[in-house]
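Colleague: Take a look at the letters that make up each chain.
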Amino acid sequence: MIDIKIIVCIKQVPGTTEIKINPETNTLVREGIETVINPFDAYAIEEGVRLKEKLAPLLGQTGEEIETIALTMGPPQSAEVLKEAIALGIDKAVLLSDRAFAGADTWATALTLAEAIKKFDDWKLIILGKQTLDGDTGQVGPELAQKLNIPFIGYASSILDINKNRMTIKRLMEDRYETFEIRLPAAISVGKDINIPRVPSLRGKLKAKNEAIPVWDKNYLNLKSSQIGLEGSYTQVIKIFMPEHHYEVKMLEGNPDQQVDELYGKLKELNII
Amino acid sequence: MHYFLTEEQQMIVDICRQIVEERIKPQRAEMDENCIFPAEIIKEIGKSDLFRLFVPEQYGGMGTGIFEVCLATEELSRGDLSVATTYAASGLGFIPIILLGSEEQKKKYLPQLASGEKLAAFGLTEPGAGSDVGAIRTKAVKDGDFYILNGTKQWITNGGEADIYTVFTMTDPSKGARGASAFIVEKGTKGFDFGKKENKLGIRASATRELIFTDCRVPKENLIAGEGMGFIAAMRTFDQSRPAVGAQAVGVAQAALEEAINYSKVRKQFGASIASLQAIQHLLADMATQIEAARALVYHAAKVIDSGEKNVSRLSAMSKLFASDVAMKVTTDAVQIFGGYGFMKEYPVEKMMRDAKITQIYEGANQVLRNIIALDLIKRGVL
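Heads up: the sequence lines are chains A and B, in that order.
Numbered according to my numbering, the first sequence spans residues 1 to 273.
Numbered according to my numbering, the second sequence spans residues 274 to 656.
Everything labelled a hint here was simulated from the structure, so no lab data went into it.
Among the hints, a few may not be true.
[Said to hold, decoys possible] Some chain B residues judged to face chain A by a derived CB distance under 7 Å, without partners named:
no.	residue
1	Arg290
2	Ile315
3	Glu317
4	Asp322
Cβ coordinates follow ideal geometry from the N, Cα and C atoms, glycine included.
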């Protein structure tokens, strides 16, 4: 019997900064591009593993147990990032995969994740990366918390204290630190200031290699097509395009004094100085 | 290049590469300049299970062979030889326990060393005894259930940082090397102190320190394999550990070659990259060829040891001897390819050259290794 579960929601994203878009289909070119764990999700995984390492000995004194679970929604190959999470110390993983989930916006994604999380008992904390590298919205976390009717704290920078019922969290805003005490269960999102993710362990990698990742589909989650994927989405991407940049280069002539005068005049003309 | 690694062996390499890229490379220049012991990196190495490799499974290890230890050591050495030395020296400290320790000693010490929670060190060298083990002057005298240790060890890698020390002493000086005995001594034992920290040419981030024993009482249960077994313990340990020193040498040489290739492609002289000059090309070709030969010998020696072969002293010595001479040559040539820039601390190759030198000296100076190889050839013949 596991008494406390920590759920970490992660996503597989293209592992490159050179995002390419297919101009005909308006979708990301994913062929031949290596995929990785969304970088912010690596901090979520690390925080989950650290919490377990910290709490397990304390809970063990009363014979209680703690478990970390990684969850992702995506195509079958997303199991790879779940295996990476296991190599990094996560106990087990579940893949939410169904052709009907495709094209989901943040609303439909949050709903699908929420229904999956409801399948677990005794979950106390959900940890997410603050945003994904590809979608970049940062909305799934708060929407998920809303659907589960639990508190949500975004951009957590440190967990100051935690027990089975409450946690104290600090976060850095633009001009101040904020400290919250919230009751559990709750959801938080984290960024790169919360920890330094570890390197996977050899035993973790060996465990991950042999781990069978369960796949939950829409039927298992009792979801209707109208609630999920493109059909259940309130927003739809009509077009994606790369902004066109126009650069004008003008080489200044003359001696340095003349060049400085001309540059000064030009900057003034453009209201830059 | 394909080295026919198993999936698990490739995992070891991948883990080490990640540690090198993410943790070691960003810090190595500063660690070297200011002699900063890489405590956090060593913790990370421990968390990644790399100290578990050679430790038997029943004591918290993963029960791999020396070959896997060599793979890990080589990759870590590509990042920084100080880190790799610290890692390997802990192994050197606990190999005598694995090879000759009692069941109680194994149960007590190996799990915490395998997890990386504690580090080990190997205390053999003294001011007057290094290559000549028989000249050890640190004494251990039996007193009831204890041995009383007196003497000073010098240049001990991980000195002060390690928790568990394998210390070589004389219990019967009249027998020379055959009167040597090895003990496990824990940090914090009364009468066990640390002396001077050394300021070194290379591997400056690794800890090298004196161990000072003053009427230090060590329980008799900590004697490894009985009185007079110290010399055998040391020699059998070196037989197992020397290929890993060869792997250190291969790793640092490989790093220097990679730097030299990259630099030669971007450095322009006479209107073209210096990589287009045959003089540079031949240097690179020779460096790469020597590294491959050294790697092949190191891997072969490790695999022969892992096969259970008993007479491995010669091959083990050859792998360390050859690879370390290659490392010195290759790192020196890398500095040459960099020219004046190579001599400056802004680039990493001068450090690699300084670091490489120690591989020709420690765990048997290369001249002593040639003696071992020659004596074995004369005693046992070529095959």
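Colleague: Run through the hints listed earlier and report the numbers of any the structure violates, in increasing order.
Modeller: Checked against the structure, the hints that fail are numbers 1, 2, while the rest are satisfied.
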